[in-house]
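Q: Using the sequences plus the hints, can you model the full thing?
As numbered in the UniProt record's numbering, residues 1 to 50 make up the sequence shown, in order.
There are no misleading hints in this set.
With beta-carbon atoms standing in for the labels, derived distance ranges:
(1) Asn14 to Glu47: 45 to 55 Å
(2) Glu44 to Lys6: 49 to 59 Å
(3) Ala24 to Pro4: 18 to 28 Å
With a cut-off of at most 25 Å between alpha-carbon atoms, the simulated BS3-like pairs for lysine-lysine come out as follows:
(4) Lys22 to Lys12
(5) Lys5 to Lys17
(6) Lys10 to Lys21
(7) Lys17 to Lys30
(8) Lys22 to Lys10
(9) Lys6 to Lys17
(10) Lys23 to Lys10
(11) Lys13 to Lys23
(12) Lys40 to Lys30
(13) Lys45 to Lys30
(14) Lys12 to Lys23
For the record, the hints were derived by calculation from the structure and aren't laboratory data.
The structure displayed is predicted, hence computed values, not measured ones.
C-beta: ideal position from N, C-alpha, C; glycine also.
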Amino acid sequence: MAVPKKRTSKTKKNIRKTMWKKKASEASRKAYSLAVVVLKRAEEKQEKAN
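A: Structural data, given as structure tokens:
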């Protein structure tokens, strides 16, 4: 099993954590905007059907 040789500094840990949070935030923003578009299109189709 792989074991780290030395302790990771707080700075490195925080940088990695921030990068992970940025990626997650961007992914959630993209997913939300996609959901909005999909719902708008579904709504438009429903209005045309009526």
